[in-house]
Structure formats: structure tokens, C-alpha cells
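Student: Chains as they are written, first to last, in our numbering: chain A, -15 to 257; chain B, 236 to 505; chain C, 236 to 505; chain D, 9 to 281; chain E, 11 to 302.
Don't read these hints as lab results, they were simulated from the structure. A couple of the hints might just be wrong.
[Claimed, not checked] Short derived list, chain B residues pointing at chain C, Cβ under 8 Å:
| no. | residue |
| --- | --- |
| 1 | 260 |
| 2 | 262 |
| 3 | 284 |
| 4 | 382 |
| 5 | 408 |
| 6 | 409 |
| 7 | 414 |
[As the list claims (entries may be wrong)] Not the full set, but computed from the structure, chain B residues with beta-carbon under 8 Å of chain D:
| no. | residue |
| --- | --- |
| 8 | 256 |
| 9 | 323 |
| 10 | 376 |
| 11 | 465 |
| 12 | 468 |
All C-beta atoms in this analysis are idealised placements derived from N, C-alpha and C, irrespective of residue type, glycine included.
Spelled out, the chains give:
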Amino acid sequence: MTKAKSAPVPHRAQGPGAVRGPLLGAAGLACLLLVLEAVPRLGLVDDAYLAPTSRIAVALAGEAGDGEFWTAVGDTLTAWIVGLAIAVAAGIVVGVVLATVPYLREATSSTVEFLRPIPSVALIPLAMLLYGTGLRSTLLLVVYASFWQILMQVMYGVQDVDPVAEETARGYGLGRWARIRHVVWPSALPYVMTGVRLAAAVALVLTITAELIIGSPGLGTRIAVAQNSGAVPDMYALVLVTGLLGVTINVGARMLERRALRWHQSVRGEVAL
Amino acid sequence: MSLQARKGSAMLDVRGLNKVYADRHRTVEAVGDLTFALRQGELACLVGPSGCGKTTLLRCVAGLLAPTAGSVFLDGRPVTGPPPGMAVVFQEYGRSLFPWMTVRDNVELPLKHKKIAKGRRRELVDRALAAVGLPDAHAAYPWQLSGGMQQRVAIARAVAYEPQVLLMDEPFAAVDAQTRADLEDLIRRLWRELDMTILFVTHDIDEAVYLGERVLILSASPTRVQDDVAIGLPDDRDQLTTRALPEFTRLRTHVYERIQAARLAKTARG
Amino acid sequence: MSLQARKGSAMLDVRGLNKVYADRHRTVEAVGDLTFALRQGELACLVGPSGCGKTTLLRCVAGLLAPTAGSVFLDGRPVTGPPPGMAVVFQEYGRSLFPWMTVRDNVELPLKHKKIAKGRRRELVDRALAAVGLPDAHAAYPWQLSGGMQQRVAIARAVAYEPQVLLMDEPFAAVDAQTRADLEDLIRRLWRELDMTILFVTHDIDEAVYLGERVLILSASPTRVQDDVAIGLPDDRDQLTTRALPEFTRLRTHVYERIQAARLAKTARG
Amino acid sequence: MSAAKTAGPGGKGGAVKSLAVRALLAFGLPGVLLAAWWLFSAGSTDIYFPPLSEIFAAFGREWTGERLTHDVLPSVSRLLAGYGLAAIIGVAAGLAIGSSPTIRSFTEPALELLRAVPPPVLVPVIMLFAGIGDGMKVFVIVSGCVWPVLLNTVEGVRAVDSVQRETARSYGITGPALLRSLVLPAASPQIFAGLRQALSIGIILMVISEMFAASSGLGFTIVQFQRSFAIPEMWSGTLVLGLLGVALSLLFRLGESRALAWYHGHRRTRRAQ
Amino acid sequence: DDGGDGDDKVKVGVIPIVDVAPIYLGKDKGFFSSRGIDLTLDSAQGGAAIVPGVVSGQFQFGFSNVTSLLIAQTKNVPVKAVANGVASTGEAGADFGAVVVKKGSPITSAKDLAGKKVSVNTLKNIGDTSVRESVRKDGGDPSKVEFVEIAFPQMPAALDAGQVDAAWMVEPSLSQAKAAGAVEIASNFVDVAPNLTVALYFTSEKTIADDPDLVRRFTEAMKESLAYADANPAEVRRILTTYTKIDAATLDTMRMPRWPAEPDRPSLQALSALGQSDGLFATAPDLDALLP
Ligand SMILES: Nc1ncnc2c1ncn2[C@@H]1O[C@H](COP(=O)(O)OP(=O)(O)OP(=O)(O)O)[C@@H](O)[C@H]1O
Ligand SMILES: Nc1ncnc2c1ncn2[C@@H]1O[C@H](COP(=O)(O)OP(=O)(O)OP(=O)(O)O)[C@@H](O)[C@H]1O
Ligand SMILES: [Mg+2]
Ligand SMILES: [Mg+2]
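All chains, please: the whole structure from these sequences, using the hints.
Tutor: Right, dumping it as C-alpha cells:
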């Protein structure tokens, strides 16, 4: 009996997280929605301005029955995925190059710091002039905004390489490229994963914003219409859809992480102990 | 049960300990079935082949790892987390020092949390660092030190803490022979002065015999206590005379043979 | 210069090597002034007190660290970066294994970059892992292994690489006595088969004498070569008979005395 | 002489690198880019791409004197307030979420949902609660800056080395002391990556927050220029944003190099000495 | 351009609000396709996107409020109006835009706005200029009014919460606010001019030079659409359900603007004079250059 009792607490033998995680997550989401229901119901704000969840749900059902809504979701997803892919690829390549060539990093750092804080909204006239309301306009804004996130994370990640690991690779005569591939990249990966998660949300936000302001077709345009028409529940329904896209993206990123970072302390620590 | 646990005033009581590391791809029984007990104030050395589960055992005893089966009692209470008054010197000495703290801060940190007054803390740190032969390394960061120096900082940290129970996992692996001898004497001296209970993992048979009052010999996995050799050497030991004693030679040969026997048993079993 | 470097077919030639670690807060002369040479195919052991600069020396020789003064020649060419055909076993074995790769991949990686064919690679990896006593650990990740096992993986990686020059920094510190003996024999066998030049850092005097053809004794910092003892033991060595030779005992006593002398000299100087 | 030749990997470049080289690295690329811009825009008649000379003229006209105290200063103070709050909230929440898998599972989907809400939709909701004053603008900045800090802190905390963790635990260091002496410093390299990201996001959100319910401020002014077709002035405002980014990142790097001295020292010693 | 086999593909940048109902209606009724125009309506958020879109030729035409166009004209942005957009009803107390205050507010008429906080959708534009005129006409000091910028959809909430003392709103936000109890105190458009032209359709000078025929056909189609919309409020309500999400109740009660076929020049002159006195323009706008 004591055996059972004395089973030390510090680490659970087996990670029940596999089942418990999603359940907890759903509970968390439910709490958020509950708060959203309660705030207008309790009269903290007028429900004309912040619709309670129940009304949002009704509006959402209405949206879901509309074919154009799904087209809009498709448009938004396309712009988002393409933009994110470009930003991630470019961010990784540029980031690794800049971070591994010290002179290049120093030569570009002031320029990077100059460009980074320029808001995408300031680029809207530029985007309009170049590409009009097409997909490419949205892409320009999306890529511009999310590229920096990846770039910075990669640069910080690359400097996180364990010097002994790096020396080991050098000692065995691995060339620069091989070292990047086998040592630098895996070491930077945890940072890059965070970068991808950050960039994914920023890309989504910018996709919606670009649609909203420029009028490229997509969820953003629908949000703009709902906003201008005072259709509050509809607007929140669309925003909720955006949010759920964000949640889905994160689930995907976490799954990827469990595979790609199986070896890393952050993942193995929670699974193996 | 707890009554039984206190019998013979066992300070450390390990019963039927078993530990299996399992994940989706790999299952390893690191510790088979270990049972032994240490009296309060005993200094026991643990030897066993590489990978037999010594570190795992130590981490279970320290309350850092939950055993798969069996249990560990410290002073009659089941261990469910790191007990107070215990210090551990980890095998991975390099990783156990905090790189953002100087050597002094590393050694001082546990003392702060033991609520020791500043002046006394200072004294303890200075003394511990001097004892391990690093009187001038206070201001350095661990990564500015050589491997052996890092290991000695980890030892100094444990020693300055003046623990009641001290677990050491191959603590002298990275230092030279002379320093090693000095550290051995340091540990024996502290053990006698502070009446600590010490569990000491080593690969060096001479060291085990020289240091311990008992040598526990573990078999290769599935790990069991293969043998438990009492070391009948005088309490007052010294590097030259003790090691020259015929009894020392006899004991070390004996331990050596028992280790060989453990290997052969394993080979025969396997 | 290069003509002079080649004289006596010195494979490794260290001249007036000096290394000072300096940052804003702290300046340490890790290596004072080291000069020595190894012939092609020589196996030299390096002993010296903890913190005397052995690791630093090895890293300079490996071309991983720029000396503050002096120079290192390998096969007549100045070392300005890691030379090809060289393998290093680092003291920090744990950190030198890549946690994102399985044991097999860790051992195989350098072979891939040596452009060795797949089949042969497989064979080399299998053989090396079996030789260090880890025939079943291929699929494990390094962090799933015990300290000694990790160290043996690092050795297996170097061994599988079949280098011309092998630098080993306390490579057997974390393994038990028996495994250590086996690994010693492995290194000597490979050394003879592959005609490698080996520089081997150890704290174990017996090991240094048993393994080496020469034992270089370093003084405490400022580091110098205090002594250079030729080991006149027969080429065919074996754990039982060689260690029982009177010559072995004489040599180990001699080395021990020289080390003591180095310490005393230092104390006298200090 | 051979000593110099064997200066090995990395060599002595770092030590000998003169001030001139540093200056060249810092100003070289921006100089080249500005020169190119100057040349290409010289005869431009496109009203959206005025000659750089006009932008500089506008810069001198607009961004000296009163505008500095009236628009730039309040904006920058709001930025700093928002950034500081975001840093505190992000690190605090990140520590909690990163330390406990349960909290993480519970909060993550809800936070991901919030993260995906675009500011143009979020701001009106914030306005419902925070009004239209400075509080709202600071809040908007916080709502954007907090994410990179939070995500990086969470990941940094999860990645704390197990041996370090066990060391602290075995010495009975728990609770706030554990955070202070282990978790926070161990995660700090990644936290700084997040803080660095947040800096430029803060500037962007400073602009965005001033697109709502503002009547002064740097962002407001830029948007106002854009709306009134004062294009050279608009570009000059963008220049100000970029320069602000460079200045803040310089300050940041100064702070980082102090706080992470151990980390950079650790990584550097093993590289090119 | 070719005028051959296919229709001319034309993109127009509009804002998805009530004001542009005629062009949607015209498209629906085939007024454009009958003139060989294949119309696409892109809804953008405002001038920031539409003007550069038109200037660069991404849009052939765009919809913009008058003041913005006047500012563009003074800055030599190469744009030119081609058709009327939308106009005030000209009836005080029954216009589609008005200044409102919260129920029970001590502010009862425009002159009380002096020293108060009033929200407009865009600063330095038609909103603040016209509200100042209301204050001036009512005998108040327009220079004492403090304007803040809030988007129309957020105004009812801001007014309700007391974040602003008064708000200038247009439909449908105006109806929404009034439903919540807000009280109209001024019809600012009417105070500027009896039949104020509020917005215009415009194109770039380049399009005019390259394809005058297209511009002519667009203008004609637009005029027909405006006239049709002005005459058929029921049709307008129907078309509004297709591109907005205004709910049925509001649609029934809300006030429609007017859509005369031609811009009203005197009202534009009045507006540009006001803009000038408010310092919106660096130089006096040239109405002849802007208007068709
Ligand atoms: N985190 C882990 N996950 C999976 N297996 C592990 C883990 N840690 C240890 N093991 C396995 O458990 C066994 C015992 O490991 P342990 O570290 O306890 O050995 P040890 O006796 O300390 O060896 P050494 O003398 O080499 O340090 C080994 O086979 C090892 O592979
Ligand atoms: N990165 C570094 N920065 C500053 N000082 C260093 C650094 N690395 C080593 N040192 C110093 O250089 C000296 C020699 O260190 P080194 O690691 O070469 O010793 P060692 O002979 O290998 O010792 P051990 O046997 O303990 O491993 C030590 O005093 C150490 O403090
Ligand atoms: Mg171990
Ligand atoms: Mg060393």
C-alpha cells in the first residue's frame, strides 16, 4: 500500500496530456466564450455594441449557410498560406545567412532595424499602386509584416547554438553548409517554431486587415461590410471565425513541434518524465 | 509501516525500487529491483558498470524522479520530493552550474535559501571554495573554468550547504589524481565532522574502498544489489598509510572480484 | 619555416604556444609556453593538474582556438582551422553529442561528410558502437543514455571516423573500471592498426603509462612541459601482464614523482 | 610571424576592428540605399513617389520644433508605457504558462484566438472598455506587443535544462526564488528575442492606435498626411518611424548586452577567440 | 479602348455604405452592361486605398467624398470627377447625416458644442468643416469645438459611454444611435448649403486622356443609375440588402440621401470656402479643374 502512496509526486509517470490537453483547451475556450456571453448580459456593456456569444453563434450559423462566406474563407486562407509560406522561407534563408556571416549581419542591422517598425498600413498606397486590390497586394503587406518576425527569431535562434556542438562539427571537418544543416538549424529550430507561430498569426491578422482596408476579397471585406452596416453579431461571428483559424493554425504548429522537437528539452521534458 | 521503517534507525531505506524509462519508441528498465538501507551517518560507496542505473537510483533517492515501483524512505518518511537538508552533486556537473551566476553566486545560492546570515554565508563559501582548491575563482563564471574546476565548484556548493544527506554521482571524475586525493580526504573529514549520511557513486574501486564504510556493488541491468561489502578499515584514514595496509589491498581485491563475478553472472544470464 | 617544421617528420609540432583568455573583467593565462612535438604514429599521454590548460592546448591543436602566441604545425603545415582527418573527443562529451540525432546518426554524421559509401558507413558505425560496448543503443537519443554511455558514443564517433590524428580529452572519465580497461585496449589496438597519431589527456597515471609511448607532464599554470617520460614498455600490452611488469610499476612511480615535483616546484614558485 | 598567420578561426579581426570599419558597417548599406533612392527618385513626377530631396525637405520642415513635443513625444511615451506593460504582462504570464502544462493547455487555445483578432476589429472592442483616451492607445500597444514576449517566454521556460532544474529542486529552491534564480535567467535569451520583436511591433501599433480616436501623435500625423495627399510629408513620417526603430533598438541592444553578458560571453568564448 | 467584341472591364473602388447604392443598382439594372461596361465593384475602406488605386489605374473609377477630392486637387493629384456621388437631402432635421447628443444631454443646439468634444469620422475633412459651420450659424464659437476621430460604426457606443459629448453620424449609425435614445441637434450638411454634394465619382486624368469614350459611357450610366435610385427608394432598400448587412428594421426607418444626377456647384463652392477658412487647403481649390 505504501508503495502506491509513496509514489512521488514530482513527475507524472505517463503524460496524460495527450487526452487532457485538448479537453483543457476546449474548457479554456468555453470560458472565454462564457465571459463574452456574460459581459453584455450583465450589462457591463450594451449588447448593441458587444454581442453575447449566443447571438454570435446564431449569426455564425447564418454565415455558414452562405456560399459566399466559404468563398471568402477560401480567399483568406489562400492569401494567408501563400503569404506565410513566402515569409517563412525568405525569413529563414535571410536569417540564417545574416546570422552566420557576422559582417553581413552588422552591415544590415541598421537597415533591418529601420525597416522593421514601418507599419504595413503605411505601405497600403504602395501596394495599391503596384497591385491594386488583387491577391498580390495583400501578399505584399502580409509578407512584409510577417517576414521580420521569422527573421528575428532565426537570428536569435542561430546564436543559441551550443558552442561545444558547434566545435564538434567543426572538428570533424563539416563545412559551413553541413554545419548549418546539422547543427545550427536544429539548435535554432525551437526559436524558429516560435517565430512561425508568431508569423502565422501576424500573417492572418494582416490578411484580414488588408482585405478590410484595400478591399481584396476575403473575410476582411465581409467584416468591413458588417462593421459599416452596424451588424454587430455578424461582425463578431466573422471575427470569431478568424480567431478559430488562429487556433487551428496553432494546433498544427504544436503537432509539428511534437515531431520536429521531440529531442528538445521543452518537448521531452513534458513527455518523458 | 512507518514504524517498521524507523527500525534500526535507517536514515535511507530503499525498498524494491524499480524504474522503467518508457516512451513510445523505447522501453528501458534502468533499475531492476533494489533494496538496501543506510544508517544515519553512514558513508556508502556505490559501484557498478556504466549504464546500470546508479544515476537513476540517486535521482529517485533525491526525490527528483518517481520510481516505477518500490519506494524510498528517508528518516522514516517516504520520499515524494526533494527532502530538505539534502545536497546532490550531479554527474553532469557542467550542466548543473548556472552559467548566469559567478562561481561565488552559484555556491551561495542554496545557502541563501537556507536563510543563512550573510556573514556566515560568506565564510562558508570562502571555506568551501578554498577546500576544493579554488580560492581565487569567485568572480569567474562557470564557463570560464576548466572541466575539473567546474566539477569542484559543484562539490563546493554541496559542501558549503552542510547537508545531512549527501548524494554524489562520480564527483571526482574530472579532476587529477592529486586533487582527487585531497577531495577524498575533504569528504571524509566533513563526513566525520558533520555526521552526514553519504551515498557516493564512483567507478574507482580504490576510491570506493578508501572512502566508504560499505561498498554496494550493483550488477548490470536489470540492476540488483550484487554485493554489500563492509569496509573494516580504521576510521582515521590517510592516503599513504591506509592505502598501504594489507587490509586495504585485500578489500580492493575482494571488491574487484565481486565486480567481476557480477559481470560474469550477467554474461551467464544474458 | 615549413622546412624546419618537417624535420624529424614531426606530425604534430607545438612551438612556444601561449594562450591568454582575456575579457574585460578577467585575464587568465591558460597556457604559458608549451613546446613539444609528436612523431607520426606516436601515442602520447598528457597529464597535468586540473585547470592547467590541457583542454585549451587540445583546442589549439585542433584549430578550434587561435593561440595568443606561438604556433601549431600539423604535418608541416600551420594549423589555422580544423585540419582534415582529425577527430576530437571532447571533455564535455554530453554537450558534444547532438541531442536531435539518434546515437547512430551522431556516429554516422562525420562519416557522411567524409563521403564514405552507405554500406561501409553502416559497417563502421556498427563496429564502433559494438567496440565501445553499445551494440543496442543505435536508436536511442543521447539524452536517453547514462553519462558513461554518452561518453562511449562520443568515443565511437571518433573511432568510426578512422582519423589520422586523434585528440582525446579525458575520454574515459565517466566509465567504470572494467569498461575503461576495454576501451584502453581498443584505443591501443586501433592505434596500431590504423597508424594514428594520438594525443590523449588523462588524469589517471596508470592509464597514461599503460597507454602511451610517452607521457607529457604539464606543470600547473603558467603551463609548461615539466617532463617528457618515454614509456619503454613492450608494444604488445595487456591489462594483466603489462600492469604486473616491474617496469610498469617503476614508470608509474616515476611519473608520479615527477608530477609531485611539478606541484612542489609550483608551490615553491607561488 | 607564424603566430599571426595561425590566427585561426575568426582570427583577431574582432580585436583589431577599427572604428572606421564599424562605422562603415553601420552606415554603408543605408548610405548605398539612400543614394540609390535619391538617384531613382530624382526626376520623379509620380505624386506617390516624390524625389527623395522633397522628402528630406519635408522632413526638415515637419519634424523639428513643435511637432516633436506635440506629436512625437506623446506617442513615444505611450509606446514606452505600452511596451513596458506588455513586457511585464508577457513575462509574468509566460512564466506561469510555461511552468505548468495544465495552465498551458487550458489557456493556449483561448489566447491563440485572441491573438488572431486583427487590431482594426479589436480596437473598437477595446474602446468599449478603455474609452478613447491614452489608456486605450496604450492598451492597443499592449495587445500587440504582448504576444512575442509571451510566446517566447513560454518556450524559454519550457526549455530550461533539466539538470539545472533538478539542481535547484534538490536544494529546495522553489516558488519565486526558483523563478528569480533559475527560470527567468535560463529563459532570458529567448525572452529577449521576444522583447526585441515586440519593440518594432510596438511602434507599428503606436501608429495603428492613433488611427482611432486620436487628434495628435506621430501615427495620427502620418495618417493625416496620407489622407491629405501630403505624400512627401507622409514618407518623411515613415522615415521618423524607421529612425525611431533604429534608436530604440540601439538602446535595446545596450540593455541586452548587459543583461545577457553571461550568455554572449558563454557563446563567444568558444567561438573565434 | 478596343470597343470591339468584349465589354470593357471596369473596376470601381467604392465603400460598402448606403451612399453607393446607385452604382450597385445600376449594375443590377444593366445600365452599365448596356453601355459595354463590365463592372466590378471593389469595396475598400476609404480614400487611403481608393485614390492611389485610381491614380495607378488599378481602378478605373472611384468613389470619394468631396473634401478629399478638393484636397487632392490642391495637391495636384491627377484626378477628376466624372459623376455625382451623393447629396444631402437639404432638409434640416431630416438629412442622412446629423449631429447627435446623448439623451438628456444639456447640449440642445449647435452653439452649445463650443468647448465640447465632438466625434467625426475623419479629422480635417467634410465632417469637422460642416459641423463648425453649424456652430457658427447657430451663434457659437466654432474654434472652441474639440474634434476627435472615431469611425461611424463605433460612434453610438462612444456617445453612449460619454466618451464624446456629441457625434456627427450618417446612416445607418445615425438610426442606431437614435434607437438608443440619441437626439439630433444639427443638420450640418444643410447648414453648409441647401443641396450639398457630399461625394463624387472620379477617375484619373490618364484614363480621361486614354479612353474618353469609356469615361463618357460611365458618366452616362452613372447618371441613369443616380436618377433611378433617386426615384425608386424601394429598389434602393432592396439593393442595400445585397451588399450591406443593415438589418430590415433599420432599412425601413433610416433616411435615404439624395442622388441628383449632377453635382451642385454652389454647394461645392461653399464647402471649398469653408475648407479654406479651416486651413484644409494650402491653395484655393480649382473647382473647374476638378468637376466635369
Ligand atoms: N531520460 C532517460 N530516458 C530513457 N532512458 C534513460 C534515461 N536516463 C537513463 N536511461 C537509461 O537508463 C539506464 C541507466 O542509466 P543511468 O544513468 O542510471 O546509469 P548509470 O549507472 O548512472 O551509468 P553511468 O555510470 O554510465 O553514469 C541506461 O540504460 C540509460 O540508457
Ligand atoms: N572560455 C574561457 N574563458 C576564460 N578562461 C578560461 C576559459 N576556458 C578555460 N579558461 C581558463 O583556462 C585555464 C585552463 O583551462 P583548461 O580547460 O584548458 O584546463 P584543463 O587542463 O583542461 O583542466 P581540467 O583537467 O580541469 O579539464 C583555467 O584556469 C580556466 O579557468
Ligand atoms: Mg550515471
Ligand atoms: Mg580540461
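Student: Take the hints in turn and mark each one as holding or not.
Tutor: Evaluation of the provided hints:
1. 260: holds (7 Å)
2. 262: Cβ of residue 262 (chain B) sits 11 Å from chain C, so the hint is violated.
3. 284: Status holds, d = 5 Å.
4. 382: Result: holds, 5 Å to nearest chain C Cβ.
5. 408: holds (4 Å)
6. 409: holds (6 Å)
7. 414: Cβ of residue 414 (chain B) sits 5 Å from chain C, so the hint holds.
8. 256: violated (13 Å)
9. 323: holds (4 Å)
10. 376: Holds. Min distance 6 Å.
11. 465: Since the shortest Cβ distance to chain D is 29 Å, the answer is violated.
12. 468: With a closest approach of 30 Å, the residue 468 (chain B) hint is violated.
The structure fails hints 2, 8, 11 and 12 (numbered hints given earlier, in ascending order).
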